[in-house]
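Chemist: Here's the letter readout for the chains.
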Amino acid sequence: MNAFHSDQREPTHIPTEMKPRALNASMEIVLTDPKIVVEHLSVSYSDGAESLKDIYLAIPKNAITVLFGPAGGGKSTLLRTINRLNDLADVVDVQGHVWLDGVDILAPEVDVIALRRKVGIVFARPVVLPLTIRQNLTYGLELAGEKDGSLLDAAVERSLKAAAIWDEVKDRLDEPAVSLSGGQQQRICLARSLVLEPEVILLDEPTSGLDPISTGKVEASLQTLKEGYTIVLVPHSVQQAARVADYAAFFLGGELIEYTIGKQIFTNPLDSRTEDYVEGRFG
Amino acid sequence: MATGNNFSAMMGKRVDASFSQRRKWMQRLGFTALTLATLATVIPILLIIIHIFSNGLPGVSWQFLVEFPRDGMRAGGILPAIMGTLWLTLGTAVFSVPLGIGAAIYLSEYASENRWTRAIRIAIINLAGIPSIVYGLFGLGLFVIFLRLGTSIIAGSLTLAIMTLPIIISTTEEALRAVPNSFRVVSISLGGTRWQTIRRVVLPQALPGILTGVVLGLERAAGETAPILFTVAAFYLPRLPTSVFDATMALPYHLFVISTQVPGMPIRIQYGTAVVLLTFVLLMNITATVIRSWARARRQW
Chain A
1 MNAFHSDQRE PTHIPTEMKP RALNASMEIV LTDPKIVVEH LSVSYSDGAE SLKDIYLAIP
61 KNAITVLFGP AGGGKSTLLR TINRLNDLAD VVDVQGHVWL DGVDILAPEV DVIALRRKVG
121 IVFARPVVLP LTIRQNLTYG LELAGEKDGS LLDAAVERSL KAAAIWDEVK DRLDEPAVSL
181 SGGQQQRICL ARSLVLEPEV ILLDEPTSGL DPISTGKVEA SLQTLKEGYT IVLVPHSVQQ
241 AARVADYAAF FLGGELIEYT IGKQIFTNPL DSRTEDYVEG RFG
Chain B
1 MATGNNFSAM MGKRVDASFS QRRKWMQRLG FTALTLATLA TVIPILLIII HIFSNGLPGV
61 SWQFLVEFPR DGMRAGGILP AIMGTLWLTL GTAVFSVPLG IGAAIYLSEY ASENRWTRAI
121 RIAIINLAGI PSIVYGLFGL GLFVIFLRLG TSIIAGSLTL AIMTLPIIIS TTEEALRAVP
181 NSFRVVSISL GGTRWQTIRR VVLPQALPGI LTGVVLGLER AAGETAPILF TVAAFYLPRL
241 PTSVFDATMA LPYHLFVIST QVPGMPIRIQ YGTAVVLLTF VLLMNITATV IRSWARARRQ
301 W
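Residue numbers (our numbering), protein chains in the order written: chain A, 1 to 283; chain B, 1 to 301.
What the hints contain is simulated information worked out from the structure, not anything from laboratory work.
All clues given are correct.
With a straight-line Cα cutoff of 20 angstroms, these simulated SDA-like cross-link-like pairs (lysine to any residue) come out:
#1 K161/A with Q223/A
#2 K161/A with E197/A
#3 K147/A with R200/B
#4 K147/A with T197/B
#5 K263/A with A242/A
#6 K35/A with L225/A
#7 K147/A with R199/B
#8 K217/A with G182/A
#9 K217/A with A162/A
#10 K161/A with G182/A
#11 K35/A with G96/A
#12 K61/A with T32/A
#13 K147/A with T193/B
#14 K147/A with Q196/B
#15 K24/B with L34/B
#16 K147/A with W195/B
#17 K170/A with G149/A
#18 K161/A with L151/A
Sequences are here, hints too, so could you generate the full structure?
Modeler: Shown next, in the form of structure tokens:
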């Protein structure tokens, strides 16, 4: 983890030119103190699948930034670039920079293990490991060599509470995690990434397989979590995007079309393509 | 496809009664043929087992299992052959299990798909198809003569290990690949290294499948005669081996010897030896089956 922080530099890299074609004055806060800055990022897969084309995007602290748009727009690719999970995909060509606290996380010397502990991710389908609930939660800490039982117990309780599932599972922590319902499993997954005390949480359509009640619970816990974290969410619908977004970026065909505060993009978008999508004319 | 077309054709018009009758007969005929084919494979196996056990069990006693052969193998027990086969199976496991599992982990978890890994896989598949006598002669040339290990348990184990490797590698690789990739992604995303992910998530989940493959591979090694013929097996050696550099008797070769090479051999000793070898192999097989069904029952994915 230290190797990651030691490389810290002043964020002098933020360019003055702004890539998104449509930008709003209220975005100033995003630009003065961003947590993440994506700069001229282009990603292409070897088979020519979903790609990103020269993306510029600044993501603020303590807010929910939503990346939305039709399938194949590059949203998931962007998420998986931010914690270098794209490294697992075969032969990906990545150009440009992703600055996290002033460190270019795409640089070859970056400690990706430390990066992934700092940037947690929750996937569309809840994937609990074939272990007990408790073991699922302590997994990340144990990987890092944490053995102190009381510390682990405290971390489990804290993150289960933060993911709003403590009351439902506190009496059955030693049962297999697969015995939980899909909605509960997804909150376990959220809690599992919170255990590592990340600074950024990436959510890739985290409620796509959930019923409305479970979805509500997840969204509610995100509203609380954003006080302490930088949250980047790919929603599973425009409605969800509109409900949770503090800031929203519209992606279409690998390009960032419009990026502004959530209230504006869903009520009064500047770009006609954003408007068409938000109003459901295509999608 | 053909049935699909028939079906859509039928949907258009009234189904002809005689046509449907004919289909019923075809179906009955098909099922009968398949059942007969199954019986034709199962019944001979059962008959062989029943035949061997009914002829051999009277000859199997405690003395038969724990005594040395006497009177030119025509009397006494088969202890050295039993112990020899146990040692050889153990020796084979020592060499082939770590190597085989290691190779499978590399192929499944680390190696990228390219020309070399494809070549390695083809080589492994071909290794599995090589006749066992060829392994025997290879073992004689490499281990017994070139490496000067002599006809010894270690030479025999190494030869059997090479023969077992392809089975262990391919079943282990299959077991590893059966573990959902999402587990790996989750583990990596929580800051796991590749090795941590393999050790903590992938291997435990694949373990029952790996064990099944290992047992099946060793079972084959235990029953083979040709690979041990020139590398370890003794015709008649009525004492237990004291080191891995000793030759030893072994059940499959002993069975061959007493069935063909010794005149005046009592038939109950021949059948008794067959019963012991068969039981040994069947026990391993049952172990593999039990592991597999046990794991399937408690698997969480």
